[in-house]
Amino acid sequence: MLREILSGKLTAKAMALVMAVALWLYAWNRQTERVWLSARLHIEKPADVTLLKAEEVPREVKLHFKGPKQSLERLRYRRLEVKHEIEKLSGPIEGELRQTLLLTGSDIRVDGAKVSGEVSVLELDPAKVEVVLATLQESRLRVAIKLVGEPATGHEIISKFVDPEYVTVVGPKVALQSVKDVETMPFDVTGLTEEKNVTFPRVVPLRQEIRQQKGGKMVSIPVECQEKSIKLYLTLALKREHKTFEKVKVQLLTPAGAAQAVKPLKEDTVSVRVRGPK
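Numbered according to numbering that gives the first Met the number 0, the sequence shown spans residues 0 to 277.
Honestly, the hints are just simulated from the structure, not real lab data.
One should not assume that every hint holds.
Straight line, CA to CA, 30 Å or less: simulated DSS-like cross-link-like pairs of lysine-lysine [stated by the list, open to error]:
{"hint": "1", "residue 1": "K172", "residue 2": "K82"}
{"hint": "2", "residue 1": "K127", "residue 2": "K82"}
{"hint": "3", "residue 1": "K227", "residue 2": "K213"}
{"hint": "4", "residue 1": "K227", "residue 2": "K159"}
{"hint": "5", "residue 1": "K172", "residue 2": "K238"}
{"hint": "6", "residue 1": "K172", "residue 2": "K216"}
{"hint": "7", "residue 1": "K87", "residue 2": "K127"}
Label-pair distances were calculated between CB atoms; the ranges are [as the list claims (entries may be wrong)]:
{"hint": "8", "residue 1": "P204", "residue 2": "G90", "range": "32 to 38 Å"}
{"hint": "9", "residue 1": "L36", "residue 2": "P163", "range": "30 to 36 Å"}
{"hint": "10", "residue 1": "Q250", "residue 2": "E149", "range": "38 to 44 Å"}
{"hint": "11", "residue 1": "K159", "residue 2": "A112", "range": "33 to 39 Å"}
{"hint": "12", "residue 1": "Q98", "residue 2": "T189", "range": "42 to 48 Å"}
{"hint": "13", "residue 1": "S228", "residue 2": "E43", "range": "25 to 31 Å"}
These numbers were taken from a predicted model, which means no experiment stands behind them.
C-beta atoms are modelled at their ideal positions from N, C-alpha and C, and glycine is treated no differently.
Kindly generate the complete structure, drawing on both the sequences and the hints.
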C-alpha cells in the first residue's frame, strides 16, 4: 500500500513537472520580441524601362520585426528580400524620370512568400528610395578598340580592325543619343613582335557599358550589347625611322682607260638620310 501511495505521488509529480516544462516552453515561444534583420532590395521595372544611377540605390534594406521569439529566430535563417514593382508607365520617358518608391511590409518576401501573420513589420529603413528611370532604346554603335601596353622594342602596330565594326546596343535612350561607340575590354599588346603577329582573330569581350561625360566627370552607364564579343585583327611590323649619317666619306674612282682623271671634290664627305627598321 505504501508503494502504491509513493508511486502515485511520483506519477503526479512527474506529470506536474512535464506540464510545468510545457507551460514554460509555450510561454517562451509566445514571448514577444523585436529584432532588426537585413534583406536584399530588388526593384522590378517594366521591360521597356531601365534604371539609371543604379549604384546610388541601396542594395539592402533593414527590417524591424516584432513577434514570437521562436518565429523571429527562424527568420534569421530564411532568405529575406524586399521586392518592389514599378508600375507600367503611360508612355515613353523623354530624358530622365525621377521617382520616389515607398517600401512597405507588403514588399517583404520570406523564401519567396509574404510575411506570416504571427510576425509583424514595424519599420523599414530606408522606407523611401529615389530612382532615376529612362526609356530603353536600341542603337548601332561603332566598336572602339581598347589596347593597353606597348609592342616589343622596335615594333609598331601598322593596322588594326575588328569584326563586326558596328554592334547593336540596348540602353537608356537619353544616353545613347550622345555616344557613338562602345569599347572592347582592354587587350594587352605588351611584348608583341613581328614574329608574333596576330594574323588570326583574337576574341575580345565588349564592355557592357558606355562612358559619358556628365557633371564634369566621366560616368559609366550599363547597357546590353547583343554581340558579347568581337574578333580583333592586328598587324605588327618593325618600326621604320629616318636617320641621318653625317660626314660619310665619298670616294671618286676614275674609270679604267679614261683620258683624264676625275677632278677631286671640294668636300670629300656628305650627309646621307635613310629610312628603315629601327
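Tested hints:
{"no.": "1", "hint": "K172 / K82", "result": "holds (26 Å)"}
{"no.": "2", "hint": "K127 / K82", "result": "holds (13 Å)"}
{"no.": "3", "hint": "K227 / K213", "result": "holds (26 Å)"}
{"no.": "4", "hint": "K227 / K159", "result": "holds (20 Å)"}
{"no.": "5", "hint": "K172 / K238", "result": "violated (44 Å)"}
{"no.": "6", "hint": "K172 / K216", "result": "holds (20 Å)"}
{"no.": "7", "hint": "K87 / K127", "result": "holds (19 Å)"}
{"no.": "8", "hint": "P204 / G90: 32 to 38 Å", "result": "holds (35 Å)"}
{"no.": "9", "hint": "L36 / P163: 30 to 36 Å", "result": "violated (49 Å)"}
{"no.": "10", "hint": "Q250 / E149: 38 to 44 Å", "result": "holds (42 Å)"}
{"no.": "11", "hint": "K159 / A112: 33 to 39 Å", "result": "violated (55 Å)"}
{"no.": "12", "hint": "Q98 / T189: 42 to 48 Å", "result": "holds (47 Å)"}
{"no.": "13", "hint": "S228 / E43: 25 to 31 Å", "result": "holds (29 Å)"}
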